[in-house]
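Chain order of the listed sequences is A and B. So for the first sequence, my numbering puts the first residue at 1; every next one is plus one. So for the second sequence, my numbering puts the first residue at 420; every next one is plus one.
Simulated from the structure, these hints should not be mistaken for laboratory data. Quick caveat, the model's predicted, so the values are computed rather than measured. Honestly, I wouldn't trust all of these hints.
[Claimed, not checked] Sample of chain A residues at the chain B side, in silico, Cβ under 10 Å:
#, residue
1, W23
2, R24
3, L316
Glycine included, each C-beta is placed from N, C-alpha and C at the ideal position.
Here is what each chain is made of, one letter per residue.
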Amino acid sequence: MTTKRQRDSAFGLSLRLAWRNIWRQKRRTWLTALAMVFSNVLLVFMISLQLGSYDMMINTTLRMFSGQVQVQRVGYQDEQKMRQDIAGVGELASTIRSRFPAASVAARANAFVLLSSEDRSFGTQVVGVEPDFEAGVSTIPGLVADGRFLQDPGAAEIVIGGVMARNLKVAVGDELTFLGSGKDGSFAAGVLTVVGIFNSGSSDLDRSLAEVPLGYFQDAFAMGGSGHIIAISTAELGGIADLMESLRAIIAGGDELVALDWEALTPGLKQAIQADFTSAWFMYAVLIILVAFSVLNTQLMSVLERTREFGVIMALGIKPRRLALLVLLETFLMALIGLVIGVLLGAVVAGYFGFAGFAYPGMDELAAKFNMPSVIYPSVGPVSLMLGPTVVFIFCLFAAIYPAVKLYGLKPVEAMRAV
Amino acid sequence: MSAIVCTDLCKFYQQGDAVIKGLDHVSLEIEEGSFICISGPSGSGKTTLLNAIGGLDSLDSGQIAINGERVDLLGKAELADLRLHSIGFVFQAYNLIPVLSARENVEFVMQVQGVRAAERKLQSMKILQEVGLEGMEDRRPAQLSGGQQQRVAVARAIVSQPKLVLADEPTANLDSQSMEKLMAHFRELNEAHKVTFLIATHDQRVMAWADRRIYMEDGRVTRDELQ
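Using the sequences plus the hints, can you model the full thing?
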């Protein structure tokens, strides 16, 4: 029976042998380790860039209109009914604003109306916004290409998307009439002056979104002081969890209010990110499998070269499983070298671009057009640094299983006869 | 008491159409503490017999018992344990582990056995001194001559004082003086600790040290004589 001391002692011996064995063929070991280093650096950079681009994508999408967090009545997200409103929406928004001075907070109300120009009519969504605060949670005010954004909270003014303006054949200064239903079921109608036309880059938004001052909206749609949404944005996505927790405490006393984060507000965005991440892993998998085959080749060569030596070691009383462990330990050490150097170099490369930013050719023009940042900042963190290299490490260990298993079938006498 | 009992051992190799008789119905009884030399021309079956007794090679038929334990029935792991704790091997080619120093090679078996580091060092330094390798403990095999490597291999085989030492041409690469020293050391171990020695050799000078000589030819024992 093997005692603990025997096991520890034999493991120490295996570790020493493994370390020295990997340096018997320095060039081969370095070539294999460099393949791991190269793939690890590439993976760290690519994953950091990918995560950075997702952050940018989320921020850009959320800052366009929805905000990172919204407070709504329970059920409003699934079925947007006028009556599922937040009473005293302006006051609640002020309270939240005062509790989170670093965050941007704006109240909104939504209605669906028939919007008509002299020539045409279209069904569309009209959003009542707080002109003073909307720019903090939405990029729409900054995307007004013609005219200006809303200014007076009670003015009969409207800002519409470029596609809608074309469809309705209106320009800044023209009048539009709307026809809809108020919160109490009454008839809601009015005449609005187009003061601005925005181009968001999203044809959906440009076709279907119109914004009016919240004060005017509340009067026209018999909302009293209520609204439907409080949109909140922070500088960093990372702070959302803490914000959500505090927010829940604030709205706990309210009438069936709920705080929804961006994943709940825009599930399609999350799915798109997941799909992109998955497809990128197919490319990474090719790289990782190539490296794993390189390790398999190295270890197989190494085992074949040392067949005679393994025969001697077995003759001395070493069990085949300990030999297999030796080969796995050699791979472990080699993969560890690749991991450590790869992660360090990867961190330096990703860290540099995380600071300086990374831009594709032609990105400037595209970004300017859609009010997006012109550079991507790779997101360097534990996940981006360790995810790829850890998978490489595990695959390399798997690659060593075959050479290790081959040792189980080795017969000492035959092995010692090997050249 | 018989340390080793071999009964009707057969081992045949197929080489093309020809059948080579490695062991052809060999039966032997070896007493504990014996000092035996096996001689015979190349291909007579000396190495095959040692390999079979040491559990390094399987048999086609026959039985081998060491101290009453049937070696031919043991699995790989049990055979490895038997070799680790009870048998010391000296091979024709020195077969040292190239990445370990002379002392580390000698300590190899003891380390796997779980002997403490201080004890290992003491024993290995002592045995290396005895085989005339004092001051060369830290040299790797590539830095030693053939004779020196063979002495390291011998030191490795006997340092943990196994009950049985199987030596295949242990003096093949040694000069006369080294051969005499080595055989004297074997003999001393044999007499002091009742270690059984089974030595395959061509060398008549080595045969002179034996108290029993076994001659083999074509896989058969042709002569078995006591000194």
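Hints versus structure:
Look at A/W23: its Cβ gets to within about 8 Å of chain B, closer than 10 Å, so that hint holds up. At a threshold of 10 Å, the smallest CB-CB gap from A/R24 to chain B is about 6 Å, leaving the interface hint in force. With 10 Å as the threshold, the beta carbon of A/L316 comes within range of chain B, its nearest partner Cβ sitting at about 6 Å, so the hint holds.
In this structure, none of the earlier numbered hints is contradicted; all agree with it.
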